[in-house]
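**Student:** What follows is each chain in one-letter form.
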Amino acid sequence: MTEDTVSTSQAETAEDAPTSAGSQVPLALVSGKPVVDLPRDLYIPPDALAVFLEAFEGPLDLLLYLIRRQNMNILDIDVSEITRQYMDYIGAVEAMRFELAAEYLVMAATLAEIKSRMLLPRQESEDDEEVDPRAELIRRLQQYERFKQAAEDLDSLPRLERENFVGSAALPKLPSSQPHPDVELSELLLALQGVLKRADLFTSHHVERERLSTRERMSSILATLQGDRFVNFESLFTPEEGRLGVVVSFLATLELVKEQLIEVVQGEVLGPIHVRARASS
Amino acid sequence: MNDENLRKIQAITEAALLAAGKPMSLEQLRELFDEGERPARQVMEHVLALLEAACEGRGFELKKVASGYRLQVREEYAPWVARLFEEKPQRYSRALLETLALIAYRQPITRGEIEDIRGVTVSSNIIRTLLEREWVRVVGHRDVPGRPAMYATTRQFLDYFNLSDLDQLPPLSEVRDLEEIGREIEKNMQAEIEFDASAGDEGEGAGEPASDTDSNQTLH
Amino acid sequence: MNDENLRKIQAITEAALLAAGKPMSLEQLRELFDEGERPARQVMEHVLALLEAACEGRGFELKKVASGYRLQVREEYAPWVARLFEEKPQRYSRALLETLALIAYRQPITRGEIEDIRGVTVSSNIIRTLLEREWVRVVGHRDVPGRPAMYATTRQFLDYFNLSDLDQLPPLSEVRDLEEIGREIEKNMQAEIEFDASAGDEGEGAGEPASDTDSNQTLH
Chain A
201 MTEDTVSTSQ AETAEDAPTS AGSQVPLALV SGKPVVDLPR DLYIPPDALA
251 VFLEAFEGPL DLLLYLIRRQ NMNILDIDVS EITRQYMDYI GAVEAMRFEL
301 AAEYLVMAAT LAEIKSRMLL PRQESEDDEE VDPRAELIRR LQQYERFKQA
351 AEDLDSLPRL ERENFVGSAA LPKLPSSQPH PDVELSELLL ALQGVLKRAD
401 LFTSHHVERE RLSTRERMSS ILATLQGDRF VNFESLFTPE EGRLGVVVSF
451 LATLELVKEQ LIEVVQGEVL GPIHVRARAS S
Chain B
981 MNDENLRKIQ AITEAALLAA GKPMSLEQLR ELFDEGERPA RQVMEHVLAL
1031 LEAACEGRGF ELKKVASGYR LQVREEYAPW VARLFEEKPQ RYSRALLETL
1081 ALIAYRQPIT RGEIEDIRGV TVSSNIIRTL LEREWVRVVG HRDVPGRPAM
1131 YATTRQFLDY FNLSDLDQLP PLSEVRDLEE IGREIEKNMQ AEIEFDASAG
1181 DEGEGAGEPA SDTDSNQTLH
Chain C
981 MNDENLRKIQ AITEAALLAA GKPMSLEQLR ELFDEGERPA RQVMEHVLAL
1031 LEAACEGRGF ELKKVASGYR LQVREEYAPW VARLFEEKPQ RYSRALLETL
1081 ALIAYRQPIT RGEIEDIRGV TVSSNIIRTL LEREWVRVVG HRDVPGRPAM
1131 YATTRQFLDY FNLSDLDQLP PLSEVRDLEE IGREIEKNMQ AEIEFDASAG
1181 DEGEGAGEPA SDTDSNQTLH
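Note that the protein sequences, when read in sequence, are chains A, B and C. Oh and the first sequence: position 100 is 300 in our numbering, straight run, nothing missing. Oh and the second sequence: position 150 is 1130 in our numbering, straight run, nothing missing. Oh and the third sequence: position 63 is 1043 in our numbering, straight run, nothing missing.
For reference, chain A alone in the conformation it holds in the complex (with noise of 0.2 Å):
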């Protein structure tokens, strides 16, 4: 069921195409001499060279194609013949005005000059070793083919949406919940660093120094004289924490005294002594 989604790529649609041109209007004048005939060998009829540079993926492909048309090996290839080809190629796709890409023309200058130095005799030279004027050009075809094949192996790896499908399910009702952001000590400290640095503008404002184990006494004082009600002074105190504990209670009362934030009220000379919160007075 998958196999018939995979279609044949362009390039293989040309080759399976007729081999014969099948007109003999003249396609173009190439050189002031009427091409009738596509080039020999070249699989492509003329209705498909709209399709050319898109068919190939570059004068690389093309060379390969040509190559495997012709069953050559990669390190074996007949220079003479590939570029003749390659050249008829170049030659019908411009006699048909199609724009060629830049690199099929660097290409073509490339296997002239590749052609032309094998055709030369070969000079044998002590220290170079001498380099086969192909060597280069194998190199990138078989660097080409390697990649080409690649793709087609990644093609062909079962994939999503093609071979494989991530399940999932519907949900249920979930309950809502409410995230809540991280806060470090540090950003804390940064932010009231600010605040601080700010509030040193404003004169007036001083935040000294102070035991804050006294402040958060104060709070919890507070917060035990909730409502109206006097609380007996000494139920403050929690002799459980030791002395330290007993201190800072009374330096916490002390504080709430004068910031006047509670009242103190003894009814006798040495009677017990009563507090309350005064807002709630």
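In short, the hints are calculated from the structure, not lab data. The structure presented is a predicted model; accordingly, all values stated were derived computationally and were not measured. We put the beta carbon where it would ideally sit given N, CA and C, even for glycine. You may find that some hints are simply not true.
Stated by the list, open to error - Chain B side only, calculated, beta carbon under 7 Å to chain C, not exhaustive:
#, residue
1, Glu994
2, Ala996
3, Ala999
4, Leu1042
5, Tyr1057
6, Trp1060
7, Ala1062
8, Arg1063
Said to hold, decoys possible - Stretch-level coverage of chain A by chain B, calculated; a stretch enters the list once three of its residues show a Cβ under 8 Å from a Cβ in chain B:
#, stretch
9, 273-281
10, 362-375
11, 439-453
With the hints as your guide, set chains B and C onto chain A.
**Tutor:** For chains B and C alone, coordinates are given in the frame of chain A:
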């Protein structure tokens, strides 16, 4: 229709329902099959019953809804599944952090006092967020006109920041000293790296410019 | 960890993977659980193995891909499942596939390097498509004039092609190194010269691969 055939139809049905991710009618399910192999309606119904039974004890179940059958995550696992869809929490604004810091260091403190120090108004949203998060609470009302609430930090605040009491916050004098802060952060980060290699990804961005309106300060 | 507990974690894992509809890493799966009940990594791995086994004979399977685990329809049922979707699966052009293959096998690679190997310019559209699909990303810039971007593949690329790792890509065909090619050519040319000076004009059928056994010739 032999067992093997039924099992195959069942697997295909399950596969299709999971791939579709939406309800499919009995007819739609039957149409997955070529005419020659298409199961009869009764067979399809039987297969759906088999599939329903096969989901016993799994993370999902077969549900019949108006437009057909669908596979649905079991409701009992909703609490865990819900975590997938939790939105990434927004960062708190600089204004909120400053307010929180002032409540921590100057408690009990009223909103007006915070505004005096910050030089800008404190939005009700900020106070509400801090109350909802249970990092601050109202510990009383100041005996001045309007009887404003006084805020203090909570035990949850201390727990969250891993403090046993407020004294463990660095003293203000150190907070004023930028270098000290830098060292502090470095120390914290060092600790984070030591205890949790992944924690190092967060928390450095604290120095971002305040995003809200408190940049245009006015004198009171 | 008793069996009942394991079964529950397994069901939650299955539920979450089906709810997510995309791969989840081991860590993401563990984070579904509160700290107090969070399974250890080994336990989670064990549960995933149990889940994999529990999908035996069903319409779907547990698959490990690059970004984690996902539940996916078994490939054998793809022909039926594909009928759910009206649209034919997207086909990709050779140019795109070749570009993608070069990035996959040769990463990090610049556009210029891709063009060198393919022998044609790479259209910006192809690069844009690959970036938009999040199959490739820019991983840096090569320190040459113009500082061209270097591309590499992403986890999404691997996920899409059902791979957990780049190693799972089909191996590249072998290429003989240049020196070897040089020797082969020498050898062949020698043979040409010896046997038929005009052989170059015909060339048909000359495609026998040069074998190493007749390498009694040495370079000059």
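**Student:** Would you mind marking each hint as holding or not holding in the structure?
**Tutor:** Now the hints, each set against the structure:
no. : hint    : verdict
1   : Glu994  : 3 Å, holds
2   : Ala996  : 5 Å, holds
3   : Ala999  : 5 Å, holds
4   : Leu1042 : 12 Å, violated
5   : Tyr1057 : 4 Å, holds
6   : Trp1060 : 5 Å, holds
7   : Ala1062 : 9 Å, violated
8   : Arg1063 : 5 Å, holds
9   : 273-281 : violated (count 0)
10  : 362-375 : holds (count 11)
11  : 439-453 : violated (count 0)
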